[in-house]
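Peer 1: In the order they appear, the protein sequences are chains A, B, C, D, E, F, G and H. Anchor point for the first sequence: position 31 equals 31 in full-length UniProt numbering, and the numbering is continuous, going up by one each time. Anchor point for the second sequence: position 86 equals 86 in full-length UniProt numbering, and the numbering is continuous, going up by one each time. Anchor point for the third sequence: position 7 equals 7 in full-length UniProt numbering, and the numbering is continuous, going up by one each time. Anchor point for the fourth sequence: position 154 equals 154 in full-length UniProt numbering, and the numbering is continuous, going up by one each time. Anchor point for the fifth sequence: position 105 equals 105 in full-length UniProt numbering, and the numbering is continuous, going up by one each time. Anchor point for the sixth sequence: position 53 equals 53 in full-length UniProt numbering, and the numbering is continuous, going up by one each time. Anchor point for the seventh sequence: position 130 equals 130 in full-length UniProt numbering, and the numbering is continuous, going up by one each time. Anchor point for the eighth sequence: position 157 equals 157 in full-length UniProt numbering, and the numbering is continuous, going up by one each time.
Careful: at least some of the hints might be erroneous.
Stated by the list, open to error - Keeping only pairs whose Cα atoms sit at most 16 Å apart, straight-line, the calculated EDC-like set for lysine to aspartate or glutamate is:
(1) 35(F) - 223(H)
(2) 11(G) - 100(H)
(3) 11(A) - 100(G)
(4) 219(C) - 213(H)
(5) 219(B) - 18(F)
(6) 112(F) - 18(F)
(7) 219(C) - 223(H)
(8) 57(C) - 186(C)
(9) 35(C) - 223(F)
(10) 111(F) - 18(F)
(11) 219(C) - 213(F)
(12) 11(B) - 200(C)
(13) 11(E) - 200(D)
(14) 35(D) - 213(E)
(15) 35(E) - 100(C)
(16) 219(G) - 213(E)
(17) 219(E) - 68(H)
(18) 219(A) - 223(D)
(19) 35(B) - 200(D)
(20) 11(D) - 100(B)
(21) 219(H) - 223(C)
(22) 35(B) - 200(A)
(23) 219(F) - 68(C)
(24) 108(D) - 223(D)
(25) 219(B) - 200(A)
(26) 219(F) - 223(B)
(27) 219(B) - 213(F)
(28) 35(C) - 200(B)
To be verified - Below, a sample of chain D positions facing chain E; criterion: calculated Cβ distance under 8 Å:
(29) 12
(30) 88
(31) 94
(32) 97
(33) 101
(34) 103
(35) 133
(36) 150
(37) 155
(38) 156
(39) 160
(40) 163
Bear in mind the hints are in silico, worked out from the structure with no lab data behind them. These numbers come from a predicted model, not from an experiment. In this text, a Cβ means the ideal position worked out from N, Cα and C, and glycines have one as well.
Protein chains: 8
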Amino acid sequence: MGHVLPSGGGKALMNVDDAALLLLDHQTGLFQTVKDVTVAELRANVSALTRIATLLKLPIITTASEPEGPNGPLMPELAELAPHAVYVPRNGEVNAWDNDLFVQTVEKTGKKTLIMAGVWTSVCVMFPALDAKAAGFNVYAVVDASGDPSQMASRTTLARFAQSGVVPITTNAVICELHRTWRRPEAAEIADIYTVATPDYRTVMESYQKAKDVGSAQKQYQDRM
Amino acid sequence: MGHVLPSGGGKALMNVDDAALLLLDHQTGLFQTVKDVTVAELRANVSALTRIATLLKLPIITTASEPEGPNGPLMPELAELAPHAVYVPRNGEVNAWDNDLFVQTVEKTGKKTLIMAGVWTSVCVMFPALDAKAAGFNVYAVVDASGDPSQMASRTTLARFAQSGVVPITTNAVICELHRTWRRPEAAEIADIYTVATPDYRTVMESYQKAKDVGSAQKQYQDRM
Amino acid sequence: MGHVLPSGGGKALMNVDDAALLLLDHQTGLFQTVKDVTVAELRANVSALTRIATLLKLPIITTASEPEGPNGPLMPELAELAPHAVYVPRNGEVNAWDNDLFVQTVEKTGKKTLIMAGVWTSVCVMFPALDAKAAGFNVYAVVDASGDPSQMASRTTLARFAQSGVVPITTNAVICELHRTWRRPEAAEIADIYTVATPDYRTVMESYQKAKDVGSAQKQYQDRM
Amino acid sequence: MGHVLPSGGGKALMNVDDAALLLLDHQTGLFQTVKDVTVAELRANVSALTRIATLLKLPIITTASEPEGPNGPLMPELAELAPHAVYVPRNGEVNAWDNDLFVQTVEKTGKKTLIMAGVWTSVCVMFPALDAKAAGFNVYAVVDASGDPSQMASRTTLARFAQSGVVPITTNAVICELHRTWRRPEAAEIADIYTVATPDYRTVMESYQKAKDVGSAQKQYQDRM
Amino acid sequence: MGHVLPSGGGKALMNVDDAALLLLDHQTGLFQTVKDVTVAELRANVSALTRIATLLKLPIITTASEPEGPNGPLMPELAELAPHAVYVPRNGEVNAWDNDLFVQTVEKTGKKTLIMAGVWTSVCVMFPALDAKAAGFNVYAVVDASGDPSQMASRTTLARFAQSGVVPITTNAVICELHRTWRRPEAAEIADIYTVATPDYRTVMESYQKAKDVGSAQKQYQDRM
Amino acid sequence: MGHVLPSGGGKALMNVDDAALLLLDHQTGLFQTVKDVTVAELRANVSALTRIATLLKLPIITTASEPEGPNGPLMPELAELAPHAVYVPRNGEVNAWDNDLFVQTVEKTGKKTLIMAGVWTSVCVMFPALDAKAAGFNVYAVVDASGDPSQMASRTTLARFAQSGVVPITTNAVICELHRTWRRPEAAEIADIYTVATPDYRTVMESYQKAKDVGSAQKQYQDRM
Amino acid sequence: MGHVLPSGGGKALMNVDDAALLLLDHQTGLFQTVKDVTVAELRANVSALTRIATLLKLPIITTASEPEGPNGPLMPELAELAPHAVYVPRNGEVNAWDNDLFVQTVEKTGKKTLIMAGVWTSVCVMFPALDAKAAGFNVYAVVDASGDPSQMASRTTLARFAQSGVVPITTNAVICELHRTWRRPEAAEIADIYTVATPDYRTVMESYQKAKDVGSAQKQYQDRM
Amino acid sequence: MGHVLPSGGGKALMNVDDAALLLLDHQTGLFQTVKDVTVAELRANVSALTRIATLLKLPIITTASEPEGPNGPLMPELAELAPHAVYVPRNGEVNAWDNDLFVQTVEKTGKKTLIMAGVWTSVCVMFPALDAKAAGFNVYAVVDASGDPSQMASRTTLARFAQSGVVPITTNAVICELHRTWRRPEAAEIADIYTVATPDYRTVMESYQKAKDVGSAQKQYQDRM
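Sequences and hints are given; from them, build the entire structure.
Peer 2: So this is what it looks like as structure tokens:
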């Protein structure tokens, strides 16, 4: 947030002005084969990513693999939370980067930093991540907004990302890396987005609010005495 | 649901007409000590229980342990989903059954089957469960709408329930035990409640709906040919 | 197998001549919510049960909960492996025992020992198991040919079975309890059924056969010298 | 706490006036073989039990198995936290109940409810627990203030306790069962004891206090405006 | 050890003078299907049981299921550690209690307490355990000197033992329950047997011996000064 | 599949026209020491690899380590699914790359991309993978079609692959990397191969087909009205 | 410890004379979202780091993210154990390195080796670690004195550190890397610090001391004879 | 084994003629803090390494950290299995490479490949491994013949090894990398060493031998007919 944050820090972090979000094959049929994260957490993380990207005006591109077949429809939250996202249909390609329209749509954003998530991580994220990296993009793979069919696949995918120079990251870190400072007008909505990806944070906020109210009420009571 | 289901089955199951739901100390401070279920799942399960009880008109009684102190406020979903629930304040008693008003409120419902959930399972559920069992009630303890501070505590609590004649049960089973038949007017809402306690069921329903639509569209297309 | 085994043992075991197999709601939609056993193992175990029951001529009754809806169709292996099984349609009842035709079909077998498996264990097995137990049957619940939506549900269900006098058992134990002796004509087919429920047993048999062949060949070679 | 709590509840709970705490073989050599709980948690739980028992004036009896040998000395916290505890030396008996002085010391307390913890759970707790149960005592086994040499041993021990009528319980539940009400003079110290057995509770209290102070300060600030 | 221990304790424990050890189907082929304990631990536990039984002169009966077939030979440690054990061949019966000679051999010992271990726990131990219990014996099932083909099977088996009145126990507890006192001539050998079932105990003893030597040497050094 | 896919994507992926599959020591004796993946899954993954390679005409080379000894015979599925595979016997070398005939057979394929799987991963895959990498090949190690004797070994092996520039991958990713597009004549058979490596995908397809049929039938019914 | 240790070793280790400790956002509200380490262990590890740094006179810098809000206050141990630590307030920046005062404070220490720990690891440690690395510092990230909101986040963070050239390390290794030799005046206090981060070490020391005393006493006794 | 194996393979593997084994601080006191591998497995792995190194005449150097203190004595197996090993005493240095005599002893072997194992992995192995790597040695760290005080430490250590160019390896892989071919005179003893590090291999061999004997006997029987 160069325009918000005067600091000279963050040179090693992603630049929010140069980033786009690619959501790859978050389809309900594929979800039923995911075993390294619960589907409930996966959907929540994808929703959180979609909300922060929408709030901070990152381009969002979605795509699906054979959505008329067993892979199923895209999770409906995507259309609800990011009506402005561009959907790119594919012609059967497993690797989104094999689809010319998809690559052109990415290039048209003018962004060089790509935040990718999808199902399966080892395939639908890995393949375009490797291709995009080879094409000169900075690539972040959001592993908990993605899903793999086994724990062993998940560990293997993480190792392959690291080996290939794709940066493995989690949803909460993406939000923070885009967020950068609480001194901004969107702070309240960002706080709410955190509670989607990290539900315990909601509990912490509820406890905090109540305790603050108790403190305030006790003070008022003491003052009256 | 005697009035819905003509069958002679279910004699060994809970009788929806004789049941009340007791929600004990679902407070945000206590949640932060729960380690045998995620807080997100715990809250979802409590919400699902609250919704099914409200839909099927079971009495609901809520209570809290020192909500002005560190234990924190009741989770706000309770008031939203069950505005008709009766809240019983306590005077510091750890065991709700030690509070006369609580016991009277339970007795006033006239129900002999008590479905209990709370935090901690080993304390806030266990103590009134044992007392209620001793007082002649049929008691069900919903272990995944409750929470304990360790996995070891959770296993121990389960063993103590079983040993004491308190029936251990999970949220999805309570819903089913109250639901009993899909041939009832509330079926659609009950299906929705299942997706709260079992989020994968939502994914299954989405895949199903899409595939049915594809089948319908293909049929229409074939018919036109 | 009184007719095979002259021994006086086994008085505490299930009597193969008095047993029937009930397969409850093994539907592909429900499978996608099962989290306490892999679906691959679950299906293998159900297939193994179906095969041993068919081989030893136990009555098999199958049923499904709303198979036209999201719960999905019965796993097709059932029809392949047990074409003689009786399928009982239901009218929306969650609890098969709530369906009169189901209860009558069970009673018509004349068997007093019921081996039950299904999805969810905590519901589709638990409810008829409790009702059947109350009606005087001996009930065995095959927990790994059944499935529950969480590990916590699975542990809870196991405790409730034990508390209620329903005997918890696993597929390999059911096969053995029906099998009883290797001195019977079906031994080779039973050995093959074991490899379905316990795939490592197949590996053991392959290693054994090869080593025996090596021993035989070496002997032949030595004899020639 | 009959003298504190006017309620008629708690009939199924342990009676603080009739209870004694037996701490069996909490020795540092044996600790090094414990694998079902971390030694840090085990020691913290034993300390918490010792503190609540001391605070509420329960008799405490300690003993050790061959403390001059590899089993090692008693954990020193016992002497620090409960200087009044009675130590009973043994003459090589594995089962404390085999030692006449130990049994006499227990009987001399006049209490009929025995809260036991020790290392190993499956031996040093199990044996006197079974003997005491047979001798007519009510016995509680505190499984997380005890330790077993494997997870499998731990599960097996829990099942044997339940089967034998010994009540399995955890440290936090013992504290609560003795505590019973926050309206008592010892409340602040009891709150502190909770933080020993459940360290997350300390964190909750710290967050609470800070938030209350913030609320109070903000109120003061608002009032000034 | 009535003849060693003058105490009146231990009434609820097994009586060493009335106990026999039954080792059922500890065969190397079956071992390869065991998944609830490592085979290394399983063999060590069986060896420890065999040694303590041999030392204290308990009758030992071994048997095998089709040792010429894939189930494989008995683990050779049995013959080494208990040359006096009686081996009962079977005629294909899965349940050892179905074999008349086996039952007669058990009865001939005159013992009423049977300590059983075997592979699979759910079958080779469960079946004779249930039959022996029904025939009036006291039965202990040593779950970690036995093995089951899955963790789910292991948990289920434990629940079925508890439900049936068979006492679930672990190897270390059996040794202790037979051992009873360190004031006996066999103490040193028993200490060595503990290190087989609980290898960490060996480490504790080694550290102890070294530290004691250091203490002795330092004292000697100080005395010289 | 350059000849199928017109796109310019996939530059960073394996080239199906330049790849060979090496299956190393998938022997039933070695399988019995594998502890990081179930043998059932391991065999299914090897079968899936073999089928996709056969379908897409990749050269397949198999080899075994001392198949007349305890290591046992190759899993028989290999010969069934890939009758055209070339088997290279070894003369006792642990590392297949130490065998000249093996290296020559690999070189004769003319392929520079080697997809390797075997048992143990840390040895039978690692050694030739390192040697082949050093010799200038692109090497992929399929970790879930391979097996290691412990979880710790599995993690260590993954780290060593990544460190050495060998690409760690899973079976489902290999299939996808070879598959590349659903718009090809082999699509139906490839879909079937997916169900072998990812059995939940079969369940998804069954649910899909049934739901589509329901949609079609309901449409037909509506049209008639 | 160049001034203590004459050896030429340790060239690849951190140089105690060039190191500073940065403690980032160890706040009680954030603690309640940590799921990859227990909060009790996390606090103990942070305390141990603080003590060793204080003892060996490393500069310590602390900071907090919005401590008046839900994130909560810094854990109070910091002020107790390191009263000399410099606290840098922030103006809402998530990344401490975005705060100019923080960077200046770091630079003013003149140290080029930064030992960082904080909550969340993936954010509050990762961001300044990456920035500091880019600015030419040697950076160590102490992963068990830090916390992440899921196990998946924890694994991902570890991979990203390794990929970025930040050295992942644990508390016990930091202590050892600073400690370097037992021949130094602070040895006794360092031994005590080990017991904070590795509580089992305390148990080992207690057993050792007792055994040494036994050895000494026995020697004395023997000498008297 | 250049002198045994004519092949040109193995260029990327360790060279047995250039390797030495360094065993660092395998002391019984430290063992009691190890939590990422069981002590039984750790000791077995160290014994297996010692045996293969002795058999193949690799130099072995052992050392200990303060063996008169709580860290305890070296495991006695070392002296039994490798009487020729050189023991280097230290003067309090945590890092063996800080001890000049140790470094000289290593250098005197003339070997450039160092196989290291020790307790703790993160310290006693890591520090000399990093120093030796910096000094130009090829370093292998045997992670399962080493031990760390937590699972988190273990994962972190593995990542740091990989990041630093130290090769992480397991005991079974070291044996194989030294073994290289079954066509050597030591084959039988090497097979026996495998059973120490991989106990399931022993079970496989026992099953194999028995089955081969059965095959031989059946052949003999058939021939007689």
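Peer 1: Please go over all the hints and tell whether each is borne out by the structure.
Peer 2: Here is how each hint holds up against the structure:
1. 35(F) - 223(H): violated (41 Å)
2. 11(G) - 100(H): Judged against 16 Å, a Cα distance of about 13 Å means the pair holds.
3. 11(A) - 100(G): Holds, because 13 Å separates the two Cα atoms, which is no more than 16 Å.
4. 219(C) - 213(H): Holds: residue 219(C) and residue 213(H) sit about 9 Å apart, inside 16 Å.
5. 219(B) - 18(F): violated (43 Å)
6. 112(F) - 18(F): The given pair, whose Cα atoms are some 6 Å apart, holds under the 16 Å limit.
7. 219(C) - 223(H): holds (10 Å)
8. 57(C) - 186(C): holds (12 Å)
9. 35(C) - 223(F): violated (40 Å)
10. 111(F) - 18(F): holds (5 Å)
11. 219(C) - 213(F): Given that 16 Å is the threshold and the Cα spacing comes to 61 Å, the pair is violated.
12. 11(B) - 200(C): Distance of about 42 Å is beyond 16 Å: violated.
13. 11(E) - 200(D): The given pair, whose Cα atoms are some 42 Å apart, is violated under the 16 Å limit.
14. 35(D) - 213(E): violated (28 Å)
15. 35(E) - 100(C): Judged against 16 Å, a Cα distance of about 42 Å means the pair is violated.
16. 219(G) - 213(E): holds (9 Å)
17. 219(E) - 68(H): It holds: about 14 Å lies between the C-alpha atoms, which stays within 16 Å.
18. 219(A) - 223(D): Measuring from Cα to Cα gives roughly 10 Å; hence the hint holds.
19. 35(B) - 200(D): Holds. Residue 35(B) to residue 200(D) sits at ~10 Å (cutoff 16 Å).
20. 11(D) - 100(B): holds (13 Å)
21. 219(H) - 223(C): holds (10 Å)
22. 35(B) - 200(A): Holds, at roughly 12 Å.
23. 219(F) - 68(C): holds (14 Å)
24. 108(D) - 223(D): violated (62 Å)
25. 219(B) - 200(A): Since the Cα atoms of residue 219(B) and residue 200(A) sit roughly 47 Å apart, the hinted pair is violated (cutoff 16 Å).
26. 219(F) - 223(B): holds (10 Å)
27. 219(B) - 213(F): Status holds; Cα separation ~9 Å.
28. 35(C) - 200(B): Holds, because 10 Å separates the two Cα atoms, which is no more than 16 Å.
29. 12: Residue 12(D) check fails; min Cβ-Cβ to chain E is 22 Å, beyond 8 Å.
30. 88: violated (13 Å)
31. 94: Hint on residue 94(D): holds, closest Cβ of chain E at ~5 Å, below 8 Å.
32. 97: Holds: closest Cβ of chain E sits about 4 Å from residue 97(D), inside 8 Å.
33. 101: violated (10 Å)
34. 103: Nearest chain E Cβ about 7 Å off; hint holds.
35. 133: holds (7 Å)
36. 150: Because about 7 Å separates residue 150(D) from the closest Cβ in chain E, which is inside the 8 Å limit, the hint holds.
37. 155: Where the cut-off is 8 Å and the nearest Cβ of chain E is about 6 Å from residue 155(D), the hint holds.
38. 156: holds (5 Å)
39. 160: holds (6 Å)
40. 163: holds (5 Å)
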